[in-house]
Amino acid sequence: MCSGRVDLEFILRAFMNGQDGVFIGGCKLDECNYITQGNYDALSTVYIARKIMEHLGLNPKRLRVEFISSSDGNLLAELTDDFCNQIKEIGPLGKAEGFDAQALQLKLEAVNKLVPYIKLVERERLRQPVKSKAAYDAFFTSSELDELFNELIADKMSLSQIMLLLKESPLTTAEISKMLGLSPSDVAKHMGNSSRQGLVSYDESNNSYALV
Amino acid sequence: MEGEAGDFKVTLKTRPRYIIEDRCTGCTTCVEYCPVQYPDPFNQEISDNKAVHVYFSQAIPLVAYIDPETCLYLKEDKCDICRGVCQADAIDFRQTPKKRDVNVGAVILSVGIEPFDPKTKDEYGYGRMENVVTSMDYERLLSSTGPFEGEVLRLSDKKHPKKIAWIQCVGSRRLTEGENSYCSGVCCTYTQKQVILTKGHDADVDCTIFHNDIRSFGKDFERYFRRAEELPGTRFIRSYVSIDREIPETKNVVIKYATTDAGVKEEEFDLVVLSVGLNPPENFKELSDKFGIELNDHGFSRAIHTNPIATNQPGIFVSGAFQGPTDIPESVFTASGAGAQCGEMLDYRRGKLAVERVYPEERDVSDEEPRIGVFVCHCGANISSVVNVPSAVEYALSLPNVVYAQEQLFSCATNSAQQITDLAQEKGLNRIVIAACSPRTLEPLFRDTLREAGLNQYYCDMANIREHCSWVHSKQKEDATRKAKDIIRMSVARTRHLEPLQEFDLPVNPTALVVGGGIAGMTTALSIAEQGHEVELIEKENELGGMARRLYTTIEGMDVQALLKETIRKVYANPLIHVSHNATITDVSGFLGNFTATVATEGRIKKIEYGASVLAIGAEEYQPSEYLYGENDKVFTHLEVGEEIAAGNETITGADSLVMIQCVGCRNEDHDYCSRVCCSHAVKNALKLKANKPEMDIYILFRDMRTYGLREDYYRDASEMGVKFIRFEMDDQPQVEAVKAGGKEILRVTVPDLVLGKRLELDADIVSLAAAVVQPSTMAETAGMFKVALSPDDFFKEAHVKLKPVEFAADGVYLCGTAHYPKHIQETINQAYGAAGRVLTLLSQDTVTASGSICEVHEDDCVSCGACITACSYDAIEFRQTEKGRKAWVNPVLCKGDGLCNAKCPTNAIVLRHFTDAELLSQIDAA
Chain A
1 MCSGRVDLEF ILRAFMNGQD GVFIGGCKLD ECNYITQGNY DALSTVYIAR KIMEHLGLNP
61 KRLRVEFISS SDGNLLAELT DDFCNQIKEI GPLGKAEGFD AQALQLKLEA VNKLVPYIKL
121 VERERLRQPV KSKAAYDAFF TSSELDELFN ELIADKMSLS QIMLLLKESP LTTAEISKML
181 GLSPSDVAKH MGNSSRQGLV SYDESNNSYA LV
Chain B
1 MEGEAGDFKV TLKTRPRYII EDRCTGCTTC VEYCPVQYPD PFNQEISDNK AVHVYFSQAI
61 PLVAYIDPET CLYLKEDKCD ICRGVCQADA IDFRQTPKKR DVNVGAVILS VGIEPFDPKT
121 KDEYGYGRME NVVTSMDYER LLSSTGPFEG EVLRLSDKKH PKKIAWIQCV GSRRLTEGEN
181 SYCSGVCCTY TQKQVILTKG HDADVDCTIF HNDIRSFGKD FERYFRRAEE LPGTRFIRSY
241 VSIDREIPET KNVVIKYATT DAGVKEEEFD LVVLSVGLNP PENFKELSDK FGIELNDHGF
301 SRAIHTNPIA TNQPGIFVSG AFQGPTDIPE SVFTASGAGA QCGEMLDYRR GKLAVERVYP
361 EERDVSDEEP RIGVFVCHCG ANISSVVNVP SAVEYALSLP NVVYAQEQLF SCATNSAQQI
421 TDLAQEKGLN RIVIAACSPR TLEPLFRDTL REAGLNQYYC DMANIREHCS WVHSKQKEDA
481 TRKAKDIIRM SVARTRHLEP LQEFDLPVNP TALVVGGGIA GMTTALSIAE QGHEVELIEK
541 ENELGGMARR LYTTIEGMDV QALLKETIRK VYANPLIHVS HNATITDVSG FLGNFTATVA
601 TEGRIKKIEY GASVLAIGAE EYQPSEYLYG ENDKVFTHLE VGEEIAAGNE TITGADSLVM
661 IQCVGCRNED HDYCSRVCCS HAVKNALKLK ANKPEMDIYI LFRDMRTYGL REDYYRDASE
721 MGVKFIRFEM DDQPQVEAVK AGGKEILRVT VPDLVLGKRL ELDADIVSLA AAVVQPSTMA
781 ETAGMFKVAL SPDDFFKEAH VKLKPVEFAA DGVYLCGTAH YPKHIQETIN QAYGAAGRVL
841 TLLSQDTVTA SGSICEVHED DCVSCGACIT ACSYDAIEFR QTEKGRKAWV NPVLCKGDGL
901 CNAKCPTNAI VLRHFTDAEL LSQIDAA
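Chains as they are written, first to last, in the numbering used here: chain A, 1 to 212; chain B, 1 to 927.
Just so you know, the hints here were simulated from the structure itself, not pulled from any lab data.
Please read these numbers as outputs of a predicted model, since none were measured by experiment.
Just so it is clear, CB atoms sit at the ideal spot from N, CA and C, and this is done for glycine as well.
There's no promise every hint is true.
[Claimed, not checked] Selected chain B positions facing chain A (in silico; Cβ < 8 Å):
no.: 1; residue: E643
no.: 2; residue: A647
no.: 3; residue: G897
no.: 4; residue: K904
no.: 5; residue: P906
Chain A on its own, in the form it takes in the complex (with noise of 0.2 Å):
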């Protein structure tokens, strides 16, 4: 296999049990021995779930790849090392965020249940035609990127979040504000445009919202 068959959703099952770290070894950009090159789409994997990270409040740095040819054994103990010590810098995985470990795991539910949506938007928006890593760079730190992401998977990602709450008991728009951190007028928008497409029902006795 190759470094490009590591899914997103590995990366989520590792922080979901509590990994601190996660650490993706490729072979060497451009040097890839066939003709894929699929060392790019572990690349922008990384990208993409440090993105995420970022948008669920988690240190992006716990996630790192590199790219090291199979006679760099030196290369690649150093830059673990390196790796290890940077992950104990930060701290334990949510602690250090300031999460508590229950809200966390709900976050990274939420977004594993979106790794197929994900999935699809990467290939339609989120890929990178030419492969160097200049253009990788460039384009997954552009601000074009940042518009795309929060237009196509951070909304995603909160209503994701919303349902798997709302899946435990019903909720007002409220206390869904306060326990995910969003705004209320982006809960309210939310809980609109899921309960016209008749995901979720508004109980108006107690002004809550539960799943249909």
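With chain A's structure known, arrange chain B on it following the hints.
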């Protein structure tokens, strides 16, 4: 040896090992108990080993031997402790040399080289000064299996040297008695490697290399040289040196050297490495007598210029460095080439001695609960000196579904494999975890072990507790043991989900396609055809010959035109070779063993079905924009000068003065490599011109003279005949202007003289440029069609630069000749035979086996979005109409198992088998 080609009788004498190979398990208990120490020959006698020991950790077979010179029993009948402690009863002091006769059709001499021994020259101080070592010694010092386990230490005080000097050309390029006049060809680059590794060990070490020319003529070597040169704290100093003295208190070594700016200097070093050259094998005279082969003055095989693998004795071939100093890739392809030439002789016997391996019938265990056996390997002491192996075994037993676990000294030893097979049957194991080394080398062996046990080979997983654990954590034993347990736990978790997979056989079309009708293509085509296969030879011009049509002699004096004529004749005369002229390939489809090429040739379109192809599309000459080339008719390229000499053009042969400028269009930013052939080309032309008109003034302006290997002798000849060699540097290149002097039009070449520090003006009748060898114009297109990669310099990128020099990463596609990298004709011929050898290993089989670890579509989950199809680089996935509608389908033959599609599929409908989500997620969960 007696007999003749096709029927030799060879008597082999095997010296006793005093160990019964079949019984020895390589457990090294005898080594532990042996009381006698002696200098370890494998570690250059720097550290000691026991009188009984395993030669080195990757020795084949991995069993011990007893040194009769030091063993107390064999010497004085005194001690037989080893016999007492050997549980395998493998020690046998009564062994005597054994003779046996073998009947063979051909003999290949791959006898290699010996490193030059600097002890023969007192001036090097080797053996006299403790901190003067050879590059072979240093190689061992750098190695993790070396005398100090990978620590670079001085022999005098076991301290880390902080200042190291390398001295180049020790034993090479010298006319002094006992040394070699030729260039050993490999030392410049191996020294650079040692510098890079040294810096990797300790970035603060000051590295100084005293060198003559830097000969980075190999593929990617120029970049490698710069990488070494640009490392901070590294100095490359062009100077002859002498080892002056040892400082008695510190044992440091003082070196004297001269630089153009500062005169003679003295400098003290902690350690001095002698970059020793390559000698022919010690017993070369004996070899020559025994096999009746002729040697050259240096003791290497006297190359037949038209076929350096052959010797004057039919049926006796030479591969590797016995042809003369060579690097690894050349050794590898001459080895394949020698195989091909044996094949030409013995093809009628191919496969007659093969015995088909019969495995027990595979047991279907898919309905059984996983019963996992875990085998934790000591790897001698490689793992067990760091990881607590018994504790890892105990831990493995506590893991779910693990029903058996044990330790093994070497899981890869024959007896260990047998043990795994036996235990699998005895304990009813249906999945095996080998906690040992990287799967890169030994996974095939363990898969085979499972097959022997009647299990599907994909029920095997390797937990890498050596490279990923013991080797990197040698100082953290407890943590390493914990990590080994983590790795084993993860592997067991994955193994529980492993599925049985089937490999399948693909038929192989026995026809070969050769693209390019130059020396490379024709030679490979002939060799393939001589071994009984049809060859389709595609030539883009209307006649065969390629670049060789413009070459007349080699530096050694081989008549290129005669060779070309004869080769072309043989090609046309061979009924199995079909030549297409004026041909272009417009399309290639298919896969390993079953390709189809569409070829447009002389007004018609041909479809050619074939099993393997060789791309031998050659290279072109750079068209210089420098030095008035194309503007002034007295400026030529070396190739043109060669043609004009052959044509007897008196403007050139009768010129009073001629200036050659080297490295035109390469070793620069545009072409960041050395064209390899031009230095010899310049010398060859100079010798021809001088022979014709000795009073001609010839100047060769060079950056580094790279007449590597035995070509060095011609460089010396040229120098002795009065050819002037003037070195210049990249940042101050020669200038050429057309001027009138003494009433005639001449070319004035100005070049800085680095020795005298002033500018020289050379008035020349003719200027000849060493125009670079560059990729052919059809390169990118050909690479695209055959789905093969290009290296950074736009030559073909082989599958592995050292070990697979004639193969592409794409299966069934091979390469040879200058499309791989610039090379001399003999090297091209060697490589062409090498490619033929590799092609035959494929085409001589009726079928090839495809991996079971490929992708598969679960049709129910497929939403036919096509994400997998865009993700696949091999066009292995397509839509097919099924009863459930349009669904993705994987062509198992084309799939390479990278799994990109799996990561892109939004519904997890496409699955990379053996690396499924379930398998990998369970591994992550167990982390």
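We went through each hint and held it up to the structure:
1. Hint on E643/B is violated. Least Cβ distance to chain A is approximately 39 Å, over the 8 Å limit.
2. With a cut of 8 Å, the hint placing A647/B at the interface with chain A is violated, because the nearest CB-to-CB distance is about 45 Å.
3. Contact between G897/B and chain A, as hinted, is supported at the beta carbon level, the nearest pair being about 7 Å apart and thus within 8 Å.
4. At its closest, the beta carbon of K904/B sits 6 Å from a beta carbon of chain A; the interface hint therefore holds under the 8 Å criterion.
5. Annotation: interface hint on P906/B holds; nearest CB of chain A at approximately 4 Å, less than 8 Å.
In summary, the numbered hints that this structure violates are 1, 2.
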